[in-house]
Amino acid sequence: MKKNYGPVYSLPLGLWITIFFIVPTCIIFIYSFLTKATYGGVQWQFSLEGYKALANTSFINVVWITVYISVISTFLTVLFAIPTAYYIARNKHKNQLLLLVIIPFWTNFLIRVYAWIAILGNNGFVNNILVKLGVIDTYIQFLYNQYAVILVIIYTYLPYAILPLYSSIEKFDFSLLEAARDLGATKAQAFFKVLLPNIKGGLATSILFTFIPALGSYVIPMLVGGKDSMMLGNIISRELTTTRNWPLASSISVVLTVITMIGVLLFLKLNKNNLESIKKLVVREKAGEESI
Amino acid sequence: MKKFLTFAFFVLAVLLVLTSCNKQPEKLYVYNWANYIPQEVVQSFEKEYNCDVVYDFYSSNEEMYAKLKAGGTGYDIIFPSADYAQIMINEDMLEKLDKAKVPNLSNIEQSSLMKMSYDINQQYCLPYMIGSTGLAVNTKYVKEYDHSWTIFERSDLKGKMSLLDDMRETLGAALKFLGYSVNTVKEAELEQAKQLVLKWKENILKFDGLSNAKNYANSEYYVIHGYGDSIFLELDEEMLKNTDYFIPKEGGTLWIDNMVMLKNSKHKELAYKFMNYIYEPKIYAQISDYVQLPSINIPAREFITVQPMYKEGELDNCELIMDLGKDIELYNKVWQEIRMQN
Chain D
362 MKKNYGPVYS LPLGLWITIF FIVPTCIIFI YSFLTKATYG GVQWQFSLEG
412 YKALANTSFI NVVWITVYIS VISTFLTVLF AIPTAYYIAR NKHKNQLLLL
462 VIIPFWTNFL IRVYAWIAIL GNNGFVNNIL VKLGVIDTYI QFLYNQYAVI
512 LVIIYTYLPY AILPLYSSIE KFDFSLLEAA RDLGATKAQA FFKVLLPNIK
562 GGLATSILFT FIPALGSYVI PMLVGGKDSM MLGNIISREL TTTRNWPLAS
612 SISVVLTVIT MIGVLLFLKL NKNNLESIKK LVVREKAGEE SI
Chain V
3 MKKFLTFAFF VLAVLLVLTS CNKQPEKLYV YNWANYIPQE VVQSFEKEYN
53 CDVVYDFYSS NEEMYAKLKA GGTGYDIIFP SADYAQIMIN EDMLEKLDKA
103 KVPNLSNIEQ SSLMKMSYDI NQQYCLPYMI GSTGLAVNTK YVKEYDHSWT
153 IFERSDLKGK MSLLDDMRET LGAALKFLGY SVNTVKEAEL EQAKQLVLKW
203 KENILKFDGL SNAKNYANSE YYVIHGYGDS IFLELDEEML KNTDYFIPKE
253 GGTLWIDNMV MLKNSKHKEL AYKFMNYIYE PKIYAQISDY VQLPSINIPA
303 REFITVQPMY KEGELDNCEL IMDLGKDIEL YNKVWQEIRM QN
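Order-wise, the sequence lines are chains D and V.
Per our numbering: the first sequence = residues 362 to 653.
Per our numbering: the second sequence = residues 3 to 344.
What the hints contain is simulated information worked out from the structure, not anything from laboratory work.
Mixed in with the good hints there might be a few duds.
[Said to hold, decoys possible] Covered by chain D, according to a simulated footprint, are these stretches of chain V (three or more residues, beta-carbon under 8 Å):
(1) 146-156
(2) 197-209
(3) 242-249
[Stated by the list, open to error] Computed cross-link-like contacts, DSS-like style, restricted to lysine-lysine with a CA-CA straight-line distance of at most 27 Å:
(4) D:Lys-588 / V:Lys-101
(5) D:Lys-493 / V:Lys-145
(6) V:Lys-201 / D:Lys-588
Note that CB positions come from ideal geometry on N, CA and C, so glycine has one too.
Full structure from sequences and hints, please.
Structure below.
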């Protein structure tokens, strides 16, 4: 009998996920139902205060801003990522271009955000050039608003969206596009009905890779956001440090996790039908190959 | 056999590394605000006492406290402000000091020690610096202005100003302007302060405690509310000439930063030496010159070469921020309403 080594092989990863992901999430979940201690930490006494404090309009407003910023930035990121990934996949110099996508990671993330401040500031690069060219008389206020937050989120997560799209587009059989065109599809139809369904997996990954971290943004709204750009991440950190309300910080984290999960599940469900049909297609193709 | 030899060699190597550690000079772990002590002072201390100072920075009391509370250990000396020093005393995190080991404490002026209402007789805390949070105005762009908090009501400076993202400081400023105590726990007074800050909020670009000094140096802001020492460090010659730093005439918040020793400190003797060293007149003068704050060390005043950014008399109108225990909830609530309202 063949021995099953599966559990043994997956043990390190399983342990890793249990210790550094499942256990902390459980701790946060438990803390959210405890009583706040005045000087930080928690008292071991059941309480719903952490959740009661969430039921006010200003908090719901922040949830709305967070979801709004994340959805818009994810949409735009993927919109920019598809043509880029397509171009790279069809280019002779694929590897060099992929390297260019990865290059930003060589610089620390925080420094790149500060670089945006230097570029878009009132005395920054862009404003100076525009003033010199006489396009504008005085500076334009680019920074410290929601648009700046969206811009920097797009900039930050674009590589994460391009890479999975690239890998699925690269595997795509481009002769299918020609076939579609031969059969009378317009360019747009060929793109939407043939290419897009076939790269659905990469598309889903890139959407999730952008949406999930965008929801948890903390540094970006803090540095380039303004009075109107407080996101959930910022409130969590405020509750944990300034107000020392750990149960509230935990309950907001739980809310964030739930929003993320709802987003992901909803998205996967919408995709399920398509994914299933692709799977069936693949199975059928394989079966066909074997019979030949 | 070969495997065993490799293993034995490895063990030997590890032991060698471990024992060589013991011969190294003693280490002192200091956790302090960023840019609060000149590097030369630390280096000369290391030389004089043949030790290594391991230096770590924080940018807010909250950050430091959250780290310690979440189990961060290993530090010997920390520099909390009055309200957090008070909390740490209450939470039994601090070592009771043996003042005989810090003879230079006699250099510190009595009137400053008197201000330390949270630790009378300095049982746990030794004062490091005393100062106030003020306003910096760029006189190149803002020609006429009052030395007053009312500058935040000027709509002609809309989008060119910032207030600290710190509820005690900003609400404290508003409370002081209204003639109340910065430690008030009266809801009606806090409500008035909230309305005032909401009015100021219309004219500021953002609540900024992280990059306000940098943005001021880039002329992004013309008026900022902030800590003088962190602002001045960012300014070049020209900006220094164009900057007027003052404490508004209505007064403001007073802060006292302290040197404290953690209860679980492992290098207490060396920590005492460090505290005493800081109080040496020449050394304290060097620090005072660096942060441009008035010296509370009397003999050190002879050695001061840099004009402090304000005179001590200006602090008379300022009030110390104290820990409010459970009543801090009142501030949390008001501040949350201010920050989350669009």
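Quick check: which numbered hints come out false for this structure? 1, 3, 4
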